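Those sequence lines, one after another, are chains A and B. Per our numbering, the very first residue in the first sequence carries number 1; after that it's consecutive. Per our numbering, the very first residue in the second sequence carries number 1; after that it's consecutive.
In case anyone wonders, no lab produced these hints; they're calculated from the structure. Since we're looking at a predicted model, the values are computed, not measured. Don't take each hint at face value.
What the hints assert, rightly or not - Listed next, with one range per pair, are the computed distances between beta-carbon atoms:
| no. | chain 1 | residue 1 | chain 2 | residue 2 | range |
| --- | --- | --- | --- | --- | --- |
| 1 | A | P102 | B | D609 | 53 to 61 Å |
| 2 | A | K378 | B | S928 | 48 to 56 Å |
| 3 | B | P938 | A | R254 | 12 to 20 Å |
| 4 | A | P294 | B | A644 | 45 to 53 Å |
| 5 | B | A644 | A | A304 | 54 to 62 Å |
C-beta atoms are modelled at their ideal positions from N, C-alpha and C, and glycine is treated no differently.
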Amino acid sequence: MNLESLLSETHLRSLERETRRQFLTRCTTGLGALFLANQAGKAAGGPGMPQHDSSNPFESLPPHFRGKAKRVIYLHMIGAPSQLELFDFKPDLQRLDGQPCPQSFLEGKNFAFIQGTPNMLGPQFPFKQHGHSGAWVSDRLPHFSKVVDEVSFIKTLQTDQFNHGPAQLMVHSGHARIGYPSIGSWVTWGLGTENTDLPGFVVLLSGGRIPRVGKALWSSGFLPSVYQGVQCRSHGDPVLNVSNPGGISRDLRRSALDTLKDINEKTHSDFGDPETLTRIAQYEMAFRMQMAVPDAMDISQEPAHIHELYGTAPGEESFANNCVLARRLIERGTRYVQLFDWGWDSHGAGRQEALNAGFQDKCREVDQPMAALIMDLKQRGLLEDTLVVWSGEFGRTPMRENRGGVEMKLIGRDHNPGAFTAWIAGAGVKPGVTYGETDEVGYSAAVDPVPLEDYHATLLHLLGFEHKHLNYPFQGLDQRLTGVKDAKVIKDLLA
Amino acid sequence: MGKPMRPSLFVSAVIATAPLSTVFAEVDFARDIQPILNANCVECHGGVKAAGEVSFVYEDRVINFRGDSGNPVVTPGVLEDSELYYRVTTDDEDDRMPPAKDHPPLSEGEIALLASWIEEGAKWSGHWAFQSTKRSEVPETAFESRVRGDVDRFLFHRLEAEGLAPSDLEEPGRMLRRLSLGLTGLPPSLEELEAFEAAYATDSDGALEDAVDDLLSRPAFGERWATMWLDLIRYADSGGLGQDQKRTIWAYRDWVVQAFNDDLPFDQFTIKQLAGDLLPERTLADLVATASQRNTQTNDEGGTDDEEFRVEAVLDRVNTTWQTWGSITFSCVQCHDHPYDPIRHEEYYRFLAFYNNSADTDLSDDAPLLEVPESPDRYEEAMTLRERVLELKEAFWGSGQALAGETDWTGLKSLAVESNNSTEYTVVEYADYDEFHTVGTVAIKTHTLIDAPASSFGKEPMTALRLTVLPHDLDTAIDNSEWGFIIDDLEAWVESEDGSRLPVCFRASLPDVPWMPTDPMGRVGSNGANWGANSQINYERTLVLVPEAPIDLAEGERFALRIHCDEVGQGSFPMAIQRGRLACSSDPRWTEWSAPGSDAYRWSLDIADASERLKAIPGTTVPIMLERPEELARRTRIFERGNAMDKGDRVFAGLPASLVETESGSSYPDRLDMARWWASKENPLTARVFVNRLWEQLFGVGIVPTLEDFGSSGEKPTHPELLDYLAVRFQDDYQWSVKAILREITLSYAYQQSSRVTPQLLERDPDNRLVARGPRLRLTAEMVRDQALAASGLISLKRGGPPVHPPLPEGVWQPFLSKDLWETPERGEPDRYRRSLYTYVKRSIPFPTFAAFDAPSREFCNPRRLSSNTPLQALVTLNDAVFVECAEALGGRIANTADGDLKAGLAQAHRMVTGRPPSQERIDKLYSLYEDANLQSPEQAWTVVAQVLLNLDETLTY
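So here's chain A without its partners, still in its complex pose (with noise of 0.2 Å):
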């Protein structure tokens, strides 16, 4: 066991020791109750559950352990982008293209909208190796392939899901209800935040559509609410409410602000209740974060050579400023920064969603931007210590589809829970890595599958949480992002 390990898991026996520690105070209620009447947690837990502050519910905690990442920006393609098209190269599927699908493929299957015997469908776009590591990437992302040095990629995603709602609740919160955690409620309720001017877990769309379980995706499902993701948007109040009505100035309003406090604070005094000096520093909070919010989010601050790395124009709803606010918000000490973006359903049905179609402007869309985050955050020393994320939420068939059981006038391709590729970069990632392989036609992961239970007790590790005592009591169970079945790290992917 080396000194640093050693360590960790002193700290962590030390935790443990110490949330007992509450708990058994707070079952005698007496002293821990204060505590327990409006604190952030509720319920006894396990060992590992964070302790907050009753009065500050954002305070910045320590992991389990001593963790490479201190924030998360996970940028999600909603539809699913095809892995066969970017990262997942597969030359016997080009030799199969056109020919009727082996019945092997469709027996047991559930197809979205596959009907009959499909037939094969190569890719449709010429794959190059880059970098030093040799990564595969189609010519879609040539952006992207200038950094696959910097990342690493898992081949074998897996879910048990095969519609878009269920499968995006997977991936965000580990179960294919709504009503569940999502990792940002996770990581904020575990480790708080560094600035709490600014939102903890901050969720920004683009794509012209919100994803279709909507705020679900950002619940804090059972943890308590101040852990859901705030949406910022680039129209509009960046964060809702965070204008002032029209005619009151920011002075008109500290005016107010010092007559709520004068008021309240006699209040306290009159009546006793600690609740009040907690509700006088949150109007307090507030009026800090109306300054910084709008502060953060103003991208036109951005000098001219960042504007061109991102290809950002400022005002619009785009992936790309969003990937500029991501890093805004990170830098400004924001925990979890999770973009959405919409519009890589690539069946074929519409112009919109087909690979030869929208789904080449999807790429043009994101390509850019994506590679300018990871450039960024490196320059700056940010990579270090922030885990990029990149997924969808399941792959997609190597047949084409066929929609009614006919052959498309446009190509796409269905669903496909069985591979599906995501990649990582940044703190604690071993860079350069690809993880896992599919089977000659990318249906399905053939060497190193990782179910998403894995995917997120990797991601936890890398945050510096054991992904068993990360865990919240609720309807009688600890529950926990992994769910109730085992989990492992992937050690092959970490630094």
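We have chain A already, so just place chain B on it with the hints.
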């Protein structure tokens, strides 16, 4: 994992359980022993894992039970014959329990307790919450002069033991505000405050009683308590998963409000919601009540499996029922025996069987639906018609089935079967009939074309044709259903040799069930249209078709059928006939049975007539619970380790043995029996759980603080005798009257105490579990908004009806389905200012104000709201358009005070939002803010002041 000792004596010595004096008298299993076992033993010897066959959850696995060691675990009265005692005291590391490797040993105190327990006879008592309620003896108290009722005696008795004393009474204005918000969710008006204060000055007790009675009688009462209930029952106006499309179910929400306002006894309230459809004298409102269990999520995303999500909904009903009525975390038992409580894995599925045969099947229209008349005056008429239709259908079906049973059917052979598309059929010949089935993948919109030569039929003309549709695998489909079929249209003709076609018309059809489970009021056409298995098939299904005239085929002629199945399940699955056969009969009785003038003929005319009249009544719909006809009943099997794909032994409906004192009379209890069990006085949980919820709503913390867990891993009641007292009062003395029990609680001295707290008391009892002071609670999400609307005078108190769409910040409303519109009424229109209860509840887009103030988004049963502190809350009440509009209106009220006495107006506004007049100092502060604002922004000056009033800590608490 290390398990530190659990200092159970210490627990008792502080305040969590019984008073000091009772601790050492006699060892009590539930109080003293079970916590030791739960903390140290059940991880390995419990419900999930019973190492060596020993389980400390079950008496018969401990007392005189010989585990793998061969010795009795506990021999009552004999320490040396008790393996348990040996194991916790031995020095032999191999035998020592808990294993020394990663568990600390038991403390001496714990060992002493175990020893005393064994020596005293090892009396095993079940967990407290599973014991029947007992009428508690009312204790005496030294604070008798302050007592207003027995509730106070229980609380004061405890305070005395703790060396504490009750606080003084709250000042009257704040008292009325607490009662008003507590009972109706709305603050008192200025006039009400003044009248109450005047009455209180002359007769305080009388004034309080009058106020409570008045508040209990207001419509707002039901609206406030419905909110609590709808959290539990996970009410929403949308379906959840998938497209989260709009669900029309508000008639149920209104039923709940009405039930509270009518003071429907809680036992009835329970039975109607769980099984109103099975009541012998069911009314239409009883059917509406069953929508409680239709608030489950549906998944209408393309390509999802209806059966998977139907099962999910059933599981959710089980969990929600146990959580709502029993505060038991029953979902634990979905995968294994309960780790702490004596509930077995199998019992989960026995309970599930109560729900497993309901007619709903995750259809995106939420079928089956009930038509609910707009006007309650027409409920009876509608129900009479509905029952009439069902009776007629039964009669029609019964007479037809009797005949079908007597009919001699001849299977058709020499069939040729094909489809209109890529679907392939193959025909298999059997001795007496041919059978067709699909091969490979089935395409959507498949029409089945069946052709039979004259030789297939008998010599006599055909009077009836029987179509049988089957799942591919009849044996497995019973438990693992296949996608079903629906007939949209059916054409038949006789084709002569020259190819000319003579259409065949049918004058009657006889389905195999009296009514379609998903559409009981719908009609199967005389050609079979609308008949099918929607959306899953488990069983062989049959349909008899009776032609207008007997069909006599000449040689060379052919009989042909074209069955149209155009429906697509969940946007992706063909609802086609995948396997089937035909049979015919020449029994002349079929022609008579369906002839004009026959009974069946008249019944079908009457069905049509009654259905038309029912349809003509204007109204809304609500999804309801209904049992599937017996012929289609689903079977229930255990899911091994909770996995629905891995089905184990078959089980029959039943209740957990550890909770049922007497076996029910009927050997196969149904959902109604289950509902009656919850509502019976035998059930130890229902009354306790519900009064505990009421208590928590009023005092901020339950007598059992873990509202969600009355099991042995939940917290114990702080006042067990009081809890039982209230439960017995509720179910026996008040006959389940919610208003009566609330009246008693709110009229207690305890509820009316001042909420001022000294630092000493705060440190001693921060949560106010001992109630040595009055409650000081944060307004709920709904109250925050409703109070602002009320104080500003904008509120509309219109009751019930479709959900409303108050102002919403721009950009929030981005539903997946663009047809789901959020249309905000203009300023001045009442629907802009309705009580929060009536706001459209969309699960995927929670109303931001409510979400910010900790309202749940209603995916699952939510037993307790957790309060949080976040700056986003301040941003809502300061800047959200609704609150700004309220501030403007409240500011306008101040500015327009009679006689221009602005400071008087200010004082009135302060009273409206806090219940008490401001001090002169506070008026001066607020007025000086006004002057300051008036310089900067005269238009908004009073708005700014009103905003401060609406954001005071005193305003946002009560």
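Please name the hints from earlier in the document that this structure breaks, with their numbers sorted from lowest to highest. none
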